[in-house]
Every structure is written in structure tokens, then in C-alpha cells.
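> Sequence:
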Amino acid sequence: MCNRNHFHALYLATLGGAKALHMEAVLGSFDAGKCFDAVLLIPSPVAQRLGASDDREDMLQKIITLGDDRNVQEVFVNGRSAHKLVTPPAAQRGGYA
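Under UniProt numbering, the first residue of the sequence shown carries the number 1, and numbering increases by one thereafter.
Simulated from the structure, these hints should not be mistaken for lab results. Each hint should be verified, as a subset may be incorrect.
Within a straight-line C-alpha distance of at most 25 angstroms, the following computed SDA-like cross-link-like pairs (lysine to any residue) qualify [what the hints assert, rightly or not]:
1. K34 with T87
2. K84 with F36
3. K34 with M23
4. K84 with A20
5. K34 with G16
6. K19 with V77
7. K34 with D55
8. K84 with K19
9. K34 with N3
10. K34 with A20
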């Protein structure tokens, strides 16, 4: 059985996928000159659901498995901001408290 973690899943969704398509020269990482489409996430709604964590793998696991549109702060398409959250998620959806 393969020993994979959530960091490996993130790799497969980014640079690993680009390598599989032989496109790592133009996408898949934050290197200068590469195409850049990304979503900037705020972990606070996920962290509130299961308690805060200082562990990066635990937080990535929570975002991958429990994250949704309430975690999106900004969307970038072709290197430019295409959408930016104006109101905090709690105010936007009635809160998480």
C-alpha cells in the first residue's frame, strides 16, 4: 500500500499533474514566467469547525476534505485577480460561531 499524505495530493494537483501532461515548463508551480491560476484560501471557517491547529499537514487535510466556497478569499486567472472577497465569510453567510 502506498503511503501518501495531503501534501502529496497537493503536489499531484499542481506540479505532478503538469509533469504528467509534459507541461511543467509552463505551469504547475509558482516559478516566474509560468501560467498562474490559483485560489487564495482562508482556513478560518474550517479551523472553527474542528479547532485550530498549528500543524500544516493537519490544516491542509482540513481544507482539502472540509473546505468549500466560504474559504475562498481571492481567485486569480492568468496571473490577475478575477474575484476578491469583499465581506468576511462570517458576515456573508450568517457566521460560524
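> State for each hint whether it applies.
Status of the hints after comparison with the structure:
1. K34 with T87: violated (31 angstroms)
2. K84 with F36: holds (16 angstroms)
3. K34 with M23: holds (10 angstroms)
4. K84 with A20: violated (31 angstroms)
5. K34 with G16: Between K34 and G16 the Cα gap is close to 15 angstroms, so the pair holds against 25 angstroms.
6. K19 with V77: holds (20 angstroms)
7. K34 with D55: Between K34 and D55 the Cα gap is close to 30 angstroms, so the pair fails against 25 angstroms, i.e. violated.
8. K84 with K19: violated (30 angstroms)
9. K34 with N3: violated (30 angstroms)
10. K34 with A20: Within the cut-off at roughly 16 angstroms; holds.
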